[in-house]
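Novice: Starting from the known structure of chain L, fit chain Y onto it as the hints suggest.
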Amino acid sequence: MGKLSRLLLIITFALSFTSSAFAVVIASWGGAYTESQKLGYGDPTAAALGVPVNWVDYAGGLSEIKAQKEAGAITWDIIDVYAMDTINGCDEGLFVEFDFDKDFPPAPDGTPASEDFFAPMPSKCAVGNILYSWNYAYNSEKIGSKKPKTIEDFFNTKKFPGKRAIYKTAQTNLEIALAADGIKPGKGGAKIYEALETEKGLKRALDKIKKLCTDPNGGCVFWNSGSQPPELLMSGEVVMATGWNGRFFNATVGEGAPIVQVWDAQGLDYEYFVLVKGHPNQADAMKALAMMTNTEMLAGSAKYIAYAPYRKSSIAIMEAGEPWYKDGKTNMVPHMPTAPGNTKNYFLVDPIYWADNGTEIGEKWEAMKAGL
Amino acid sequence: MNNETQKILTTDGIPLEESLKKAEKKNKIKAFLLVAPLLLFLIITYIFPIGEMFFRSVDDSMITKWLPKTFKTMEKWDGKELPEEKVFEAFYQDYKILVEEKEHGKLATQLNYEKNGFKSILKKLARKMKKFEEGNYKEQIMAVHKRWTQVEYWRAIKRRAPAYTYSKYLKGIDMYENEDGKIVQVPEDRRIHKILWMRTLNIALGVTILCFFMAYPIAHLLAILPMKYSNLLMICVLLPFWTSLLVRTASWMILLQQQGIVNDFFVLTGLVTDDNRPEMMYNKTGTFIAMTQILLPFMVLPLYSVMKTISPSLMRAGKSLGASPMIAFFKIYFPLTIPGIGAGCLLVFILAIGYYITPALVGGASGSLISNQIAFHMKSTLDWSFASAMGLMLLTGVLVVYWIYNKLVGIDNIKLG
Chain L
-16 MGKLSRLLLI
-6 ITFALSFTSS
4 AFAVVIASWG
14 GAYTESQKLG
24 YGDPTAAALG
34 VPVNWVDYAG
44 GLSEIKAQKE
54 AGAITWDIID
64 VYAMDTINGC
74 DEGLFVEFDF
84 DKDFPPAPDG
94 TPASEDFFAP
104 MPSKCAVGNI
114 LYSWNYAYNS
124 EKIGSKKPKT
134 IEDFFNTKKF
144 PGKRAIYKTA
154 QTNLEIALAA
164 DGIKPGKGGA
174 KIYEALETEK
184 GLKRALDKIK
194 KLCTDPNGGC
204 VFWNSGSQPP
214 ELLMSGEVVM
224 ATGWNGRFFN
234 ATVGEGAPIV
244 QVWDAQGLDY
254 EYFVLVKGHP
264 NQADAMKALA
274 MMTNTEMLAG
284 SAKYIAYAPY
294 RKSSIAIMEA
304 GEPWYKDGKT
314 NMVPHMPTAP
324 GNTKNYFLVD
334 PIYWADNGTE
344 IGEKWEAMKA
354 GL
Chain Y
67 MNNETQKILT
77 TDGIPLEESL
87 KKAEKKNKIK
97 AFLLVAPLLL
107 FLIITYIFPI
117 GEMFFRSVDD
127 SMITKWLPKT
137 FKTMEKWDGK
147 ELPEEKVFEA
157 FYQDYKILVE
167 EKEHGKLATQ
177 LNYEKNGFKS
187 ILKKLARKMK
197 KFEEGNYKEQ
207 IMAVHKRWTQ
217 VEYWRAIKRR
227 APAYTYSKYL
237 KGIDMYENED
247 GKIVQVPEDR
257 RIHKILWMRT
267 LNIALGVTIL
277 CFFMAYPIAH
287 LLAILPMKYS
297 NLLMICVLLP
307 FWTSLLVRTA
317 SWMILLQQQG
327 IVNDFFVLTG
337 LVTDDNRPEM
347 MYNKTGTFIA
357 MTQILLPFMV
367 LPLYSVMKTI
377 SPSLMRAGKS
387 LGASPMIAFF
397 KIYFPLTIPG
407 IGAGCLLVFI
417 LAIGYYITPA
427 LVGGASGSLI
437 SNQIAFHMKS
447 TLDWSFASAM
457 GLMLLTGVLV
467 VYWIYNKLVG
477 IDNIKLG
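Order-wise, the sequence lines are chains L and Y.
Residue -16 is where the first sequence starts when you use the working numbering, and the numbers rise one by one after that.
Residue 67 is where the second sequence starts when you use the working numbering, and the numbers rise one by one after that.
In isolation and in its complexed conformation, chain L is listed as follows (with noise of 0.2 Å):
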């Protein structure tokens, strides 16, 4: 049963292969994001090396590689991955593990790769290319005099009423839930995810969500895809949103909507790159691999989209080159979800928390959801 199961899978494969096999191949997300990572790294490091980097979309998930990898026909040598989903295929052995000191070169000032990276990494499979935040915004021309400051303030339906769109499974709802019923997020968020820890703490934050979604002065929309949330601000089916500070970013700087950032318990989150095992053409996507991820790389893709470089040593180059966004005028490092004015309060997103409870929560998440 197996054997013929891989030859079909084989077959599937070979009919969908249709990168050239002297190319690295990496499956990102697409849109917007694709494209900063494309003209920001992707297309240098292709130069550089001259071996051709191929852009391939997908909507996230591991199954796609999980099914190339048990039929031995691998297309992808690089893909773009949430945190968790780094832990996940690296438990399950689809990706390499790394030496970062040694696999990575050092920041221009010889710090090595691993003390350099804003964060340490969720796993050895993984190497981080950007943060990003989610936070939430509001359209300054619908919501009235009184502006929304706070984390509370989302919450708050007296004083802002109408509905807000969030995200359509727990992961951050259920942080900023805490940290709106009063919880101090404590040094990267790790008071709220003792909080999660506990049963008391889970319910709390599910039974906020919950009052906030069948208030009849509120109400949720929840959204899944990342362009919606500027989109529900604009055509006023709700007064706040969370969101990707990217995404919000491109509607204001780049398409000029009237739409503000609150960045009060904003929660960081990340981007990594996995390397895929089994590749014939490992050796090169390494390579490639370590060029993308060095500090002027990374740097570059940071000017064409709002999300911050992993490296810490990206930024001392961004603020050199300022204004360093593509249009030539907007400043890019106090929008940067890791500026120091949008860190005043802020929580990392624990994909080892998630990757932990993910699967419990989500059954919790969606019954407290059913139950609206």
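It should be emphasised that the hints constitute simulated quantities derived from the structure, not laboratory data.
Please read these numbers as outputs of a predicted model, since none were measured by experiment.
Honestly, I wouldn't trust all of these hints.
Listed next, the stretches of chain Y that the computed footprint assigns to chain L, with coverage defined by at least 3 CB atoms under 8 Å from CB atoms of chain L [said to hold, decoys possible]: (1) 179 to 192; (2) 366 to 374; (3) 434 to 445.
Cβ coordinates follow ideal geometry from the N, Cα and C atoms, glycine included.
Specialist: Showing chain Y alone in chain L's frame:
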């Protein structure tokens, strides 16, 4: 001699019976060869994957192989209180081998499906284990993390002992087998699958009924109108059918949202006040509207093809024999369209029950269906055996509907054209 002469011979001297048999056999082989590609195709793309899915959903032999000693020592453990030192020691030894072979991550993933929270404590154990001293493993393991002192985690390991299991199916209906071997429901705040099953069934049935009531007049009109008009109408039915599913779903979102065109129109005409706009999107209403529109052609086309073959003279004959139009319709026309109704309803229902994108986009909080849950386990948790089990349950559901239909209407009574 007598017998020989009685048999009829063909011109070349072979008995007719044999010759016929030969010819028939040839024909049979020919017929078989003609269907062989299709048969092969079905076996490869349908029967085999379903078999594989079934196997995946019950196979649990990996863990049995990974923790042989643990399960052996666990046989005598009743699961009431924490197991003895022996079990801890066996677990330590099994796990040590797994860590050396770098297979421990997979074990963590598998056990995390059974009980959440295993991932981090197994990793922590792998790190701390390097400094373990010989003997008294119970205390050493329990010192790693407080979860190791909780009996539920050890029960969860024991539950994974058999090489084949139906537990994934139980999980699919929010049940599990507890330590006494009784099948009980999971805690109330985690009962999600039953809700999703009911909701899926509810929406699939609702959409089928809506589709039927809307498609029947359209198909009838298509069948009786002169060619000139019916072609135009046909294009109106088919154009959306050729448009991308995502485009149609997105258009509905633009039309139906609270600040959308339909609501604007309502306010303009004074049907509702501006601050009292009805919610037609991100809830069940939106799901029903969008799915009905998207699946409508699947109902119209089989109905149309059946209605086209009904001779208008039948109705005329009925009327000339004294039936009112109503009676003529219900006694003559309607029964003749039943094969088309059957085909259309089955088609729409089966498509609706596995629908995925549209409910995810327009369904809002109450819009996630069982297919979304399957996708979640396929893509995020990688629990493919659970996804397989739920997929098979869905398939069984469809087969049951098919069976009921067969009993009620008869499957020969189905017609796509």
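Novice: What hint numbers does the structure not satisfy?
Specialist: 2
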